[in-house]
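Chemist: Work out the full structure: start from the sequences and follow the hints.
These protein sequences, in sequence, are chains A and B.
Here the first sequence stands for residues 1 to 405, numbered as in the UniProt record's numbering.
Here the second sequence stands for residues 1 to 91, numbered as in the UniProt record's numbering.
Treat the hints with care, since some could be wrong.
Taking lysine-lysine pairs in the BS3-like style, the calculated list, with each CA pair at most 30 Å apart, reads [to be verified]:
#1 379/A / 398/A
#2 268/A / 60/B
#3 211/A / 60/B
#4 319/A / 21/B
#5 280/A / 47/B
#6 211/A / 21/B
#7 268/A / 283/A
#8 196/A / 174/A
#9 160/A / 135/A
#10 160/A / 211/A
#11 21/B / 272/A
#12 44/B / 272/A
#13 379/A / 319/A
#14 135/A / 280/A
#15 268/A / 58/B
#16 58/B / 44/B
#17 211/A / 272/A
#18 58/B / 211/A
#19 268/A / 47/B
#20 58/B / 47/B
#21 373/A / 21/B
#22 21/B / 268/A
#23 373/A / 44/B
#24 196/A / 211/A
#25 319/A / 268/A
#26 196/A / 135/A
Just so you know, the hints here were simulated from the structure itself, not pulled from any lab data.
Computed from a predicted structure; not experimentally measured.
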Amino acid sequence: MLLRTAWRRAAAAVPVAPGPTTAPTRGLRLRVVDHATQSDVPSATATAPQAESELRPLYMDVQATTPLDPRVLDAMIPYLVNYYGNPHSRTHAYGWESEAAMEHARQQVASLIGADPREIIFTSGATESNNIAIKELESAIQPDTSLVSVMTVNNEIGVKQPIAEIGRICSSRKVYFHTDAAQAVGKIPLDVNDMKIDLMSISGHKIYGPKGVGAIYIRRRPRVRVEALQSGGGQERGMRSGTVPTPLVVGLGAACEVAQQEMEYDHKRISKLAERLTQKIMKSLPDVVMNGDPEHHYPGCINLSFAYVEGESLLMALKDVALSSGSACTSASLEPSYVLRAIGTDEDLAHSSIRFGIGRFTTEEEVDYTVEKCIHHVKRLREMSPLWEMVQDGIDLKSIKWTQH
Amino acid sequence: MAASSRAQVLDLYRAMLRESKHFSAYNYRTYAVRRIRDAFRENKNVKDPVEIQALVNKAKRDLGIIRRQVLIGQMYSTDKLIIENQEKPRT
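Modeler: Here's what the structure looks like:
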């Protein structure tokens, strides 16, 4: 009790440096609100006249990245403040406590996917893990060894691949099986032994953990040999040299443990919210297509195409909601998604797609707000669309001969 | 400490909810309140005192996490979300 009030006083005495008025990276501005209508904020920083006058958009882009779970940050902070030893230092307590934390995190990651901790190598993220796994192909001993690499859950349309079946086939043909499970780990049950997975990439920041860390699962029985991408001091069994970043891996481990505990609860809730979002939109708008197989689908990733509406203009109209039309990795280019093209989506529908991400922290209010704004703007944009007008008049767009200019 | 009584569990429940309402981030605040309610509701029929004690101990640890993270969130707080202006505060 005493400690807490001391904290409060100390925090209140701190000049409002981190607040929105003087923070170096200002948040996204949307609009100004009247200070008189501000609700009570029992904040320690509410001393200075607050410029809480700009409102942030809702976050509906969890496939791009996720916020840290408070439980994860809580686990990490001690290793950023006091327990800062190098986990590879063998001669003192700082090293030993850091190593213990690293090995505990390794166990947490392994437990989530049914692996042995010795099969988990920490990396800087799923991209590095993917590169390590693919490089294995080049260092294969037998000339005819090959590798199958499949995403467990697709990041654009949320489709779940039949991993167990693929694993079975690969195992029977003696072909290595790698899966990029960045979007799947901690969200759907995964077991590397049941599914006969040889290599798996894991990403921290997709499961409410920190950015800059991931892991690769490498099967020991039967042994899968990989070649190191980066050489150096031989850390991580020689497969990935470089000091293991204890605070980050502690975060990854904590994220995995929380995910294991919360998987069922999250899945149930996210499924309900996803159902709510799709039903409400489909009920109020015609000509909306959900991309991806509805049977084998992770509910938290909903990709919808709104016919006769350009995806980018809808995204810009929905400025109060953080969304994406396809994967963040390709968001800079204006090309329609390769994933949508691959599933046979028409060119025009591919340009009209929006991806809605629902995660652990998404609320019903956020879903309702997003749905309401989406319906409003789709209707408005369609009103302005000559294509829509033609469709309303009964013209079949496919029969039109567009003249070249 | 003696086995946790109903009163102690309720006190813990109330303390956790009260603390969670102080999260300045909308998403953390709503998650914590919701999760605490759902977790206590889900476990309300547990009879085994050993299991009850284990759950109470975990809840106490979680209360500590909430307290620390609420403080950190308040020290680094930023603007509210667009929907916070419209809905009732602290739901």
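Chemist: Are any of the numbered hints broken by this structure? If so, which, sorted upward?
Modeler: When the structure is compared with the hints, numbers 5, 14 and 23 turn out to be violated.
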